[in-house]
Amino acid sequence: MSSFSVTEPSTRSKWFAGSLVILYALITMVPLAWIMLTGFKSPADAISYPPKVIFDPTLEGYVNLFTTRTRQTDEFLAANPPETWYEEIVRQYDMVIAGPSKFSERFLNSVIIGFGSTFLSVFLGTLAAYAFSRFKIPLADDLLFFILSTRMMPPIAVAIPIFLMYRQLGLSDTHLGMILLYTAVNISLAVWLLKSFIDGIPTEYEEAALIDGYTRFQAFYKVVLPQAATGIASTAIFCLIFAWNEYAFAVLLTSGTAQTAPPFIPTIIGVGGLDWPAVAAGATIFLLPVMIFTVALRKHLLRGITFGAVRK
Amino acid sequence: MGHLTTGKLCQMTETPLTRAANATPPSVARKIKGLSDRAIAWIFVGPTIFLLLAINIFPLIWTINLSFTNFRANRPNREVEYVGLRNYERILTDTDIWLNMQATAHFLFWTIVLQVLIGFTLAYLINKKFKGNDLWTTIIVLPMMLSPAVVGNFWKFLYQPQIGLFNYIVAFFTGKDPSSFEMLGQVNLAPWSIVIVDTWMWTPFVMLICLAGLRSIPDYIYEAAEIDRASKWRQFWTITVPMVMPFLMLAVLFRGIENFKMFDLVVQLTGGGPGSTTELTSINLKREAFEKWRTGYASAYAIILFVTVFGLASIYVKALNKVKER
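Here the protein sequences come in this chain order: Y and S. So for the first sequence, this note's numbering puts the first residue at 1047; every next one is plus one. So for the second sequence, this note's numbering puts the first residue at 50; every next one is plus one.
There may be inaccurate statements among the hints.
Pairs of lysine to aspartate or glutamate, EDC-like flavour, derived with a Cα cap of 16 Å [stated by the list, open to error]:
id	chain 1	residue 1	chain 2	residue 2
1	Y	K1268	Y	D1258
2	S	K180	Y	E1054
3	S	K178	S	D268
4	Y	K1182	Y	D1245
5	S	K178	Y	E1054
6	Y	K1268	Y	E1250
7	S	K177	S	D268
8	Y	K1345	S	D183
9	Y	K1182	S	D86
10	S	K281	Y	E1054
11	S	K281	S	D268
12	Y	K1268	Y	E1253
13	Y	K1060	S	D183
14	S	K177	Y	E1054
Chain Y is faced by these chain S residues, among others (derived, beta-carbon under 10 Å) [said to hold, decoys possible]:
id	residue
15	A90
16	I92
17	G95
18	A103
19	L109
20	P125
21	K177
22	G181
23	V199
24	I212
25	F215
26	V219
27	S229
Keep in mind the hints are simulated off the structure, nothing from the lab. Glycine included, C-beta positions come from ideal geometry on N, C-alpha and C.
Work the whole structure out from these sequences, hints included.
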């Protein structure tokens, strides 16, 4: 080490801190690793005692996740030999694939509602954040606090009148209804976060643009928007993760057409109780995108997690 | 009453304000070129405020109104009577609801204590800036990014008495029989089962905020303390802790609000059981509103909960500001 600093921790304390943190990280990973492993187990292996770490991997859980199956007579099975590898897996239990399950539909709903509400909340949130950041708005602080305070309401408390309202308007169990609802929940975070990003952009650029004859709108979308791009992107990721994970509203306000994956995954039932490998497979497919996102975009996420408390 | 208000709301969606804001492309923008900054400000803020009014505030007012009635959402044609404060009276004198409040308080208290202790320790260790701390921080953060309902559902599997991994690991270290205890089925263990999962999931949140606090402390303060020959122990209590305190309190505020509303994780994990030992207020509220369909009663319940959170949060924020001023 070239320069000595009193604030630089010693090598030994670094080593000590590092090993404790890594130990915690490894322990915290155990349940997640177990979810993923279970997805590749057969139902028998999944519920064996002692729990199996080494087992014959199978795609049974994934096949069960995407299909519905029925039991068939021996004659039928003998007359129709299995044609594909997934048919073969199902045949072990004297069953045939009857059709696709609803999982892909629910997953698609999650994608539509997630991206729809993210787009809308970031769009509206950017406009509002810009206005709060740049213009004198009467009672701005009160309005901002009001926007944040809407997050304090328990979802179930809001769900009662929204349930009634949506029934009247024909919005229950529709994509539009869920998109609007998630936008309303997300917009508070979006406005707060985006305001903190836009506050960080010097006003001189816009002022120069305005002097050059740009209108306010042009200055906004030609000068400010490009500079706020990173902030907008990381806000979008946050809104997307929230909408992706949300359960309370989804379970109360949707039942079929617009149901997202979180209320659906726990209801996957196999023969004789919960089909844990299929549930685990569904959870893996559902959780993996978020985990990859988190690791890949970790630098931009920290500020969002902490409501803007963490700044670089 | 409900029919009328929703009708009005329908028409309100098409105010000129929102229409203008939704159509900002160039052609329109040129026409409104002459708009003052003030007008633009309102066009920009308007849609957000409108959406929040329509989907947050209007429902809240409706809930307040419903809370004075005996309305049942599964019988919309029945005549609705105003019953005054009777719903409120019944809730506040109901001993079962106090049990739910106690369950919520237990959950809140222990999750916050554990998350603050573990979260702060982790942040302190990570701040030692060992090699690769960035990557390990991200790995620790992973659980909080996941869907609580799916996580709760999966922990149910880990908690299975005979086959579950959790029981197996506990049995491995304590020598107990893994089928001798049921985390989700026993009255004395179930409240802890939800505390464990919530702590696993949300400790990273407290950790991140503490880390932000630790990183905000400038080096020169420690350097000055070192020159004054303050011991490391003294530096920790007189510099590190007080300077991280506002951040820590902010983390506690967020966790407190979130866990007071806690629904998805616990409903998937225990469903409120066994009996009602883990029936947090949100779960109880859902039962009243969407299973027993006592809409008026549940509305009053919702208002009481909201006022409680809001009141506690406001007092807390005042305390937080005092700590910040110091």
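Now the hints, each set against the structure:
The straight-line distance between the Cα atoms of K1268 of chain Y and D1258 of chain Y is roughly 13 Å, inside the 16 Å bound, and the hint therefore holds. With a C-alpha separation of about 13 Å, the suggested pairing of K180 of chain S with E1054 of chain Y holds against the 16 Å cut-off. Between the alpha carbons of K178 of chain S and D268 of chain S the distance comes to roughly 14 Å, so the proposed pair stays at or under 16 Å and holds. Between K1182 of chain Y and D1245 of chain Y, the direct Cα distance comes to roughly 13 Å. Compliance with the 16 Å bound is thereby established for this hinted pair.
Taking the CA atoms of K178 of chain S and E1054 of chain Y, the gap is near 9 Å; set against the 16 Å cutoff, the hint holds. Restraint check for K1268 of chain Y and E1250 of chain Y: the C-alpha separation of about 14 Å stays at or below 16 Å, so the hint holds. Proximity of K177 of chain S to D268 of chain S is assessed by CA-CA distance (about 13 Å); at most 16 Å being required, the pair is judged to hold. Of the pairs offered as hints, the one joining K1345 of chain Y and D183 of chain S holds, with about 9 Å between alpha carbons and a cut-off of 16 Å not exceeded.
Note on K1182 of chain Y and D86 of chain S: the hinted pairing holds, with a Cα-Cα distance of about 9 Å set against a maximum of 16 Å. Only pairs whose Cα atoms come within 16 Å are accepted, and K281 of chain S paired with E1054 of chain Y is accepted, the gap being roughly 13 Å. For the hint linking K281 of chain S to D268 of chain S, the alpha-carbon distance of about 14 Å falls within 16 Å, and the restraint holds. Between K1268 of chain Y and E1253 of chain Y, the direct Cα distance comes to roughly 13 Å. Compliance with the 16 Å bound is thereby established for this hinted pair.
For the proposed pair K1060 of chain Y and D183 of chain S, the alpha carbon gap of about 14 Å is at most 16 Å, so the pair holds. Note on K177 of chain S and E1054 of chain Y: the hinted pairing holds, with a Cα-Cα distance of about 8 Å set against a maximum of 16 Å. Taking 10 Å as the C-beta cut-off, the interface hint given for A90 of chain S holds, the closest approach to chain Y being about 4 Å. This hint holds: I92 of chain S has a C-beta 8 Å from the nearest C-beta of chain Y, less than the 10 Å allowed.
At about 9 Å, the closest approach between the beta carbon of G95 of chain S and any beta carbon in chain Y falls short of 10 Å, and the interface hint on this residue holds. The beta carbon of A103 of chain S comes within 8 Å of a beta carbon in chain Y, closer than 10 Å, and the hint placing it at the interface holds. Here the hint on L109 of chain S is kept, as its CB sits about 7 Å from the closest CB of chain Y, short of 10 Å. A hinted interface residue such as P125 of chain S counts as satisfied when its beta carbon comes closer than 10 Å to some beta carbon of chain Y; here the least separation is about 8 Å, so the hint holds.
With a least beta-carbon distance of about 4 Å to chain Y, the hint placing K177 of chain S at the interface is held under the 10 Å criterion. A distance limit of 10 Å between C-beta atoms decides the matter here; for G181 of chain S the minimum to chain Y is near 7 Å, and the interface restraint holds. Taking 10 Å as the C-beta cut-off, the interface hint given for V199 of chain S holds, the closest approach to chain Y being about 5 Å. Interface restraint check: I212 of chain S against chain Y, minimum CB-CB distance 5 Å, threshold 10 Å, status holds.
Taken as an interface hint, F215 of chain S checks out: its beta carbon lies about 8 Å from the nearest beta carbon of chain Y, inside 10 Å. Because the smallest distance between the Cβ of V219 of chain S and any Cβ of chain Y comes to about 12 Å, over 10 Å, the interface hint for this residue is violated. Checking S229 of chain S against chain Y: minimum C-beta separation of about 13 Å lies over 10 Å; hint violated.
When the structure is compared with the earlier hints, violations turn up for hints 26, 27 and for no others.
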